[in-house]
Amino acid sequence: ANLTMADYDLDPPPIISVSDLPGLFPDIKPIEQNDGPNPVCAIAYSAQFIVAYNYLRAILAKDERSERALQLTALCVKLNPANYTVWHFRRQCLEELYKNNGCNRHDGEDDDSHKKMLELDLQLAASLGGDNPKNYQIWYHRRALLQMILFGSNESINNISLDRVRQELAYISFVLGNDGKNYHAWSHRQWIIKTSNRDELWNDEFDFGEQLIQTDPRNNSAWNHRWFISHRGQQQSSLSLNDARTEAQYALDGAALDPYNESPWRYLIGILKEQRKSNDSALVQLLVDDFETKTIGLRSVLENAGRDPDACSSMISARIDMLELKGDFDSLKLASILANGLGIKHDTIRKKYWLLREKELATKATAC
Amino acid sequence: TTTTTTTTITIPAGGFGGGPGQLAHCATSYAAILALSIIASVSPMPNSVSDYLTQIRQPLYAWYLSLQQPDGGFRMHHDGEVDVRATYTMLAVTSLLNITTPQLTQHAASYIASCQTYEGGFGGEPFSEAHGGYAFCAVAALQLLNSLKDAVVDIENLRGWLARRQMSFEGGFAGRSNKLADGCYSFWQGGAMAILSARYSTTDDGPRTSSTTGCLYHPHQDCWLSILPSSQSAQLPPPPKLLLFDEKMLQRFILLCAQDPNGGLRDKPSKPRDFYHSCYNLSGLSVTQHYCSSKNENNDDDDSFGHAIFSRVAATHPLFNIRIDRATPILQQFYNLE
Numbered sequence: 006a007n008l009t010m011a012d013y014d015l016d017p018p019p020i021i022s023v024s025d026l027p028g029l030f031p032d033i034k035p036i037e038q039n040d041g042p043n044p045v046c047a048i049a050y051s052a053q054f055i056v057a058y059n060y061l062r063a064i065l066a067k068d069e070r071s072e073r074a075l076q077l078t079a080l081c082v083k084l085n086p087a088n089y090t091v092w093h094f095r096r097q098c099l100e101e102l103y104k105n106n107g108c109n110r111h112d113g114e115d116d117d118s119h120k121k122m123l124e125l126d127l128q129l130a131a132s133l134g135g136d137n138p139k140n141y142q143i144w145y146h147r148r149a150l151l152q153m154i155l156f157g158s159n160e161s162i163n164n165i166s167l168d169r170v171r172q173e174l175a176y177i178s179f180v181l182g183n184d185g186k187n188y189h190a191w192s193h194r195q196w197i198i199k200t201s202n203r204d205e206l207w208n209d210e211f212d213f214g215e216q217l218i219q220t221d222p223r224n225n226s227a228w229n230h231r232w233f234i235s236h237r238g239q240q241q242s243s244l245s246l247n248d249a250r251t252e253a254q255y256a257l258d259g260a261a262l263d264p265y266n267e268s269p270w271r272y273l274i275g276i277l278k279e280q281r282k283s284n285d286s287a288l289v290q291l292l293v294d295d296f297e298t299k300t301i302g303l304r305s306v307l308e309n310a311g312r313d314p315d316a317c318s319s320m321i322s323a324r325i326d327m328l329e330l331k332g333d334f335d336s337l338k339l340a341s342i343l344a345n346g347l348g349i350k351h352d353t354i355r356k357k358y359w360l361l362r363e364k365e366l367a368t369k370a371t372a373c
Numbered sequence: 101t102t103t104t105t106t107t108t109i110t111i112p113a114g115g116f117g118g119g120p121g122q123l124a125h126c127a128t129s130y131a132a133i134l135a136l137s138i139i140a141s142v143s144p145m146p147n148s149v150s151d152y153l154t155q156i157r158q159p160l161y162a163w164y165l166s167l168q169q170p171d172g173g174f175r176m177h178h179d180g181e182v183d184v185r186a187t188y189t190m191l192a193v194t195s196l197l198n199i200t201t202p203q204l205t206q207h208a209a210s211y212i213a214s215c216q217t218y219e220g221g222f223g224g225e226p227f228s229e230a231h232g233g234y235a236f237c238a239v240a241a242l243q244l245l246n247s248l249k250d251a252v253v254d255i256e257n258l259r260g261w262l263a264r265r266q267m268s269f270e271g272g273f274a275g276r277s278n279k280l281a282d283g284c285y286s287f288w289q290g291g292a293m294a295i296l297s298a299r300y301s302t303t304d305d306g307p308r309t310s311s312t313t314g315c316l317y318h319p320h321q322d323c324w325l326s327i328l329p330s331s332q333s334a335q336l337p338p339p340p341k342l343l344l345f346d347e348k349m350l351q352r353f354i355l356l357c358a359q360d361p362n363g364g365l366r367d368k369p370s371k372p373r374d375f376y377h378s379c380y381n382l383s384g385l386s387v388t389q390h391y392c393s394s395k396n397e398n399n400d401d402d403d404s405f406g407h408a409i410f411s412r413v414a415a416t417h418p419l420f421n422i423r424i425d426r427a428t429p430i431l432q433q434f435y436n437l438e
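Just so you know, the sequences run in chain order B and V.
Just so we're aligned, residue 6 is where the first sequence starts under our numbering, counting upward by one.
Just so we're aligned, residue 101 is where the second sequence starts under our numbering, counting upward by one.
Since the hints were derived computationally from the structure, they do not count as laboratory data.
It is possible that part of the hints are untrue.
To be verified - Here chain V is said to cover these stretches of chain B; the calculated rule only asks that three of the stretch's residues, wherever they fall, bring their Cβ under 8 Å from a Cβ of chain V:
#1 37-47
#2 244-256
#3 263-273
As the structure is a prediction and not an experimental result, all values here were calculated from the model.
Glycine included, C-beta positions come from ideal geometry on N, C-alpha and C.
Using the sequences and the hints given, assemble the complete structure.
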């Protein structure tokens, strides 16, 4: 479904306004901010802001974790969504209110009411997140809440609600629809997929990634996500030779669409480098050979477009890396020459880098 | 006055928050200690400042320890996010105050290493996309751990990624592949490259990598920036002459594209100026002016882009990003250097 902001603004939890505060806190004496005698770069808060935060200071001083305190925190994060202290206190209020429901924690009904509370907070986060898609605190709040909802109890972690995870993935997809490179959105997506660690999710995610790459082959975040998925979010794992071949081909096909696109080339090199470190060297050698040959084959794509293949620095750079991986005298010598070509003529902004590479490759060649 | 402000945001239990009454946070603690270091560099160091710094060391250390995670990462604050910014901001502070311990840094290097991606750069968390801001944090943190080496991370892959982040037409740095140049990356990427470049020296025999022992060579001042007691800086390799990026093109971007005609600096033309971009554009400019030999590869006196006098800025320390002469006094204080 193509979701819009309206889908998430539907019934956002109402937030009290500053004028409600005296009525809600008749017993509370607001506390003013103490900036010391000679404040440096004092912030010009609005009058509303000052009133709200004066009440908050009083509540924090008492450490009153109540329903009305919860409401106050909503107003305060609306006024400053980056106030990490308020978000933390809000979570403390939620925890206290849940505990004080007075019911048995293991009662299913009670769990439901707890989840309802947390879901409402996710709605709050979403309603604030719209204008603040790059706010660390809001994304962390989602993570903290979902940690409880999805992975909080023994019951839930053994039986993770796929539906609920998918709902969150849909939200993240919505955010990515606005900005396909939102860093926080991608991190959050990786977190929930990895923490759930369900085959169904990994498989669906693979398709999601392919869709995005097809829509925008230059979205480097999408390529990075593909690496994450194909490695199942596991640091130590390396792909099997067969999987590596598939991934390498996928990357090369991507490069063929636009050889100037850096993303598929670096993905390809990443796959090959990983193989070099982890699998049988003779087979890897064949793999690298194969893809170097295919890379040379892509020169025709550029020639047919009336372009000089040697000027396509993303492609030549990748070829240099492949030649270095091959590691024999002729390959290293050629790589050195290509590096010189980039440094002197075709990628001069990186001249110092390429001339250093040229020297290193020449040295490696003579050491053969 | 800054000292008074800082005392109002000090938490007895350790660390500094964003303002009075706020939770202690790694970013604000970093900013506070850097600000105090600058104040402490007034000569002679005011007793009130050195006493205050001495007083807060222990609680600060305890607080950092409380943020430590099993995987070697750190939270940015209690009940907060974990990413490589926390590792860097913590190490910058503990390095300046000499409160880095093996216990604190146990798995720090391996956590940072786990943030390196196939592209060669570093993301905020493991598997996140390689990104300039996090790359700087990773590189600077590794240098502070004396772990910026091949056994820990893939240095050559990092080097290539950093080099590729400079935009051939604009001259400025982008934060990620297939994204646009932004003036703040002048420091995040440029600074990371400067730290990395200290490994490379060019001699008549050709380049060789150098291993440094808690030191970073400053070619312009022709000295090593030690963050460890001077006795450890004994055998030092010859100084590097190269920044592995085009500093002239970066200067051009900063001076021609990133300046707001009414003052201050920005991301790029059509974006508004702000303090953050002003800081990091200027810090990047400083790196280009001070981190390579004043002579170019033909051994001619280099005429950098910009005015020889009016475009000059002071030399920033690439690990802490305060002026080198502002970092030295506090380092001398807490490392008992002469």
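The hints, checked one at a time:
1. 37-47: It holds, with 8 qualifying residues against the three required.
2. 244-256: n = 0 at 8 Å, threshold three: violated.
3. 263-273: The restraint on the stretch 263-273 of chain B holds, since 5 of its residues have a Cβ under 8 Å from chain V and three suffice.
Of the hints listed earlier, the one the structure fails to meet is number 2.
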